[in-house]
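For the record, the sequence lines run as chains Y and H.
Numbered by this note's numbering, the letters in the first sequence go through residues 66 to 237 in order.
Numbered by this note's numbering, the letters in the second sequence go through residues 203 to 455 in order.
In case anyone wonders, no lab produced these hints; they're calculated from the structure.
Misleading hints may appear alongside valid ones.
Derived Cβ-Cβ restraints for the label pairs, each shown as a range [said to hold, decoys possible]:
no.: 1; chain 1: H; residue 1: Thr415; chain 2: Y; residue 2: Arg76; range: 29 to 37 Å
no.: 2; chain 1: Y; residue 1: Arg112; chain 2: H; residue 2: Gly420; range: 21 to 29 Å
no.: 3; chain 1: Y; residue 1: Pro183; chain 2: H; residue 2: Ile300; range: 46 to 54 Å
no.: 4; chain 1: Y; residue 1: Arg73; chain 2: H; residue 2: Arg408; range: 52 to 60 Å
no.: 5; chain 1: H; residue 1: Glu412; chain 2: Y; residue 2: Arg140; range: 48 to 56 Å
no.: 6; chain 1: H; residue 1: Cys235; chain 2: Y; residue 2: His115; range: 47 to 55 Å
no.: 7; chain 1: Y; residue 1: Ala180; chain 2: H; residue 2: Ser417; range: 45 to 53 Å
A few chain H residues that face chain Y, going by a derived Cβ cut-off under 7 Å, partial list only [what the hints assert, rightly or not]:
no.: 8; residue: Asp213
no.: 9; residue: Val214
no.: 10; residue: Ala251
no.: 11; residue: Met252
no.: 12; residue: Ala261
no.: 13; residue: Thr277
Each computed EDC-like pair below joins lysine to aspartate or glutamate, with the alpha-carbon atoms no more than 20 Å apart [what the hints assert, rightly or not]:
no.: 14; chain 1: H; residue 1: Lys350; chain 2: H; residue 2: Asp367
no.: 15; chain 1: Y; residue 1: Lys223; chain 2: H; residue 2: Glu207
no.: 16; chain 1: Y; residue 1: Lys201; chain 2: H; residue 2: Glu224
no.: 17; chain 1: H; residue 1: Lys350; chain 2: H; residue 2: Asp379
no.: 18; chain 1: Y; residue 1: Lys223; chain 2: Y; residue 2: Glu181
no.: 19; chain 1: Y; residue 1: Lys201; chain 2: Y; residue 2: Glu121
no.: 20; chain 1: Y; residue 1: Lys201; chain 2: H; residue 2: Asp217
no.: 21; chain 1: H; residue 1: Lys419; chain 2: H; residue 2: Glu276
no.: 22; chain 1: H; residue 1: Lys419; chain 2: H; residue 2: Glu443
no.: 23; chain 1: Y; residue 1: Lys201; chain 2: H; residue 2: Asp210
no.: 24; chain 1: Y; residue 1: Lys201; chain 2: Y; residue 2: Glu185
no.: 25; chain 1: H; residue 1: Lys350; chain 2: H; residue 2: Asp380
no.: 26; chain 1: H; residue 1: Lys419; chain 2: H; residue 2: Asp445
no.: 27; chain 1: Y; residue 1: Lys201; chain 2: H; residue 2: Glu219
no.: 28; chain 1: Y; residue 1: Lys223; chain 2: H; residue 2: Glu237
no.: 29; chain 1: Y; residue 1: Lys223; chain 2: Y; residue 2: Glu171
no.: 30; chain 1: H; residue 1: Lys350; chain 2: H; residue 2: Asp429
no.: 31; chain 1: Y; residue 1: Lys223; chain 2: Y; residue 2: Glu185
no.: 32; chain 1: H; residue 1: Lys419; chain 2: H; residue 2: Glu275
no.: 33; chain 1: Y; residue 1: Lys223; chain 2: H; residue 2: Asp210
no.: 34; chain 1: Y; residue 1: Lys223; chain 2: H; residue 2: Glu244
no.: 35; chain 1: Y; residue 1: Lys223; chain 2: H; residue 2: Glu219
no.: 36; chain 1: Y; residue 1: Lys223; chain 2: H; residue 2: Asp217
no.: 37; chain 1: Y; residue 1: Lys223; chain 2: Y; residue 2: Asp197
Glycine residues also receive a C-beta, built at the ideal position from the N, C-alpha and C atoms.
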Amino acid sequence: MADRDVERFERTILPHLDDAYTLARYLLRDEHDAQDVVQDAVLRAFRHFHSYAGGEARAWLLAIVRNCCLTWQRRTRTDRNTIPLTADTAEASGPASDQLAIDSSERAVVTRALAELPPEFREVVVLREVEDLSYKEISDVIGVPIGTVMSRLARARKRLAALLGAGAREAS
Amino acid sequence: MRCNECRDALDVYVDNELTPDEMDDVRAHLAECAECQSAHREVVATSQAMRAHLVRYAAPDVLRARIRNALAEETALAERPAPKRRSWIQLVAAGVVIAAASSALTFAAIRYQSPSTRLTNTVVASHIHSLVPGHLTNVQSTNTHNVKPWFNGRVDLSPLVPNLDSLGFPLLGGRLDDIGSHRAAVVVYGRRQHVINVYSWAASDRRTREPVTSSDKGFHLVHWTSDGIESWAVSDLNAQELDQFVRLLRTVR
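Excised from the complex, chain Y in its bound form:
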């Protein structure tokens, strides 16, 4: 690959590294796994960069990250369907800990509710509400028709609303 292509890759793809890492964090729920998978995904993106035909670079990268996450999960298969209780305390050591302390309870409720969703619901919520992708982009990233994106998102929000309602009642 010529230097020019490397430079183009660094300019178009690497600015979306935070988004890639965020998606991997939510799908894998482990920061070390997320780092490994994102590194792998970026390397794959680099190898297949010639097949990138322009357009939404972020969605293109996120599609690769998502596939790598699924492959990773299939390979490791240890069931991590439960979120560890320490997730919030571990993050509290980060630089934003002051801010976290303020809204930690509400944030914890929301994060737990998201974690309780089945993976196919969780990913559409993250892609829509965190990554702020359009329906068309989400449909490209996860490879399903837009109608499926719509129905999954609507059902995911109904479940979340129920979980958040339950959480709010517990807290009061």
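Assemble chain H onto chain Y, guided by the hints.
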């Protein structure tokens, strides 16, 4: 528009993904239906709760450094002709030959090197090894007060671990490494997507030696001795910023 049609379209309406005509239809229905209004409020509240409370993570410096390294390796590989597919027996055989040849070469090369070149090579090799996933730190912390005590009882010195975060050199953690016959305390800093490893061990004498800059395989190194501690800083960062880093490391308390 009927209520069931409106309910089906609510999420798409909230996400602003309906056609302009459909948006108008839903808006008109909501204006006159209290039950659909309440359903609408719930969708909006759920969406907003997600947006307000779900964190957007920043890719850590270490990950950026690892990616940069992996890309550099990848381009170096790509410049060689593409290998043909071989059977695994051939691959194993090739591996054995390469391993034997390279260790013989390394052995030969080491024998004819001056001690300081050998030390430089060892430090650079250790730096490269540290960039392998999971090898950078034994104690991973951005807090001086976690990293400095970690070395107690593990090495026979207490390395400098100033907080240089506000100066653009975040602390990433610490680890131990063997450099030749020395057990080195390694303090790891970041600079944008670069990693800086600072190796320290007890010097053989009390002489102070001012920092000397060198480079090897594209990495920059700074070597100095003071207060009975011999130190090496190594990074793929440019030489100027690495010098600046070493000055800060030696002065900031």
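*Per the hint of 52 to 60 Å, is the separation of the Cβ atoms of Arg73 of chain Y and Arg408 of chain H within bounds?*
holds, 53 Å
*Does the hinted range 46 to 54 Å hold for Pro183 of chain Y and Ile300 of chain H at CB?*
holds, 47 Å
*Are the Cα atoms of Lys223 of chain Y and Glu181 of chain Y separated by 20 Å or less?*
Between Lys223 of chain Y and Glu181 of chain Y the Cα gap is close to 13 Å, so the pair holds against 20 Å.
*asked:* Hint validation: Asp213 of chain H versus chain Y, beta carbon distance must be below 7 Å. Holds or violated?
replied: OK, holds: Asp213 of chain H within 7 Å of chain Y, min 4 Å.
_Hint check: Lys223 of chain Y vs Glu207 of chain H, CA-CA at most 20 Å. Holds or violated?_
Measuring from Cα to Cα gives roughly 17 Å; hence the hint holds.
*If you draw a straight line from the CA of Lys419 of chain H to the CA of Asp445 of chain H, is it 20 Å or shorter?*
Answer holds: Lys419 of chain H to Asp445 of chain H is near 18 Å, not above 20 Å.
*Regarding the pair Lys419 of chain H and Glu276 of chain H, is the alpha-carbon distance no greater than 20 Å?*
Distance of about 16 Å is within 20 Å: holds.
*Take the C-alpha atoms of Lys419 of chain H and Glu443 of chain H, compute the straight-line distance between them, and say whether it is at most 20 Å.*
holds, 18 Å
*Does the Cβ distance between Ala180 of chain Y and Ser417 of chain H fall inside 45 to 53 Å?*
At roughly 48 Å between Cβ atoms, Ser417 of chain H and Ala180 of chain Y fall inside 45 to 53 Å, so the hint holds.
_Pair hint Lys201 of chain Y and Glu224 of chain H, alpha-carbon separation not exceeding 20 Å_ = holds, 18 Å
*Distance restraint between Lys419 of chain H and Glu275 of chain H, which requires alpha-carbon spacing of 20 Å or less*: holds, 13 Å
*Compare the distance between the alpha carbons of Lys201 of chain Y and Glu185 of chain Y with 20 Å, and conclude whether the hinted pair is satisfied.*
Satisfied, since the Cα-Cα distance of roughly 16 Å is no more than 20 Å.
Going through the hint list in order, the structure satisfies each hint without exception.
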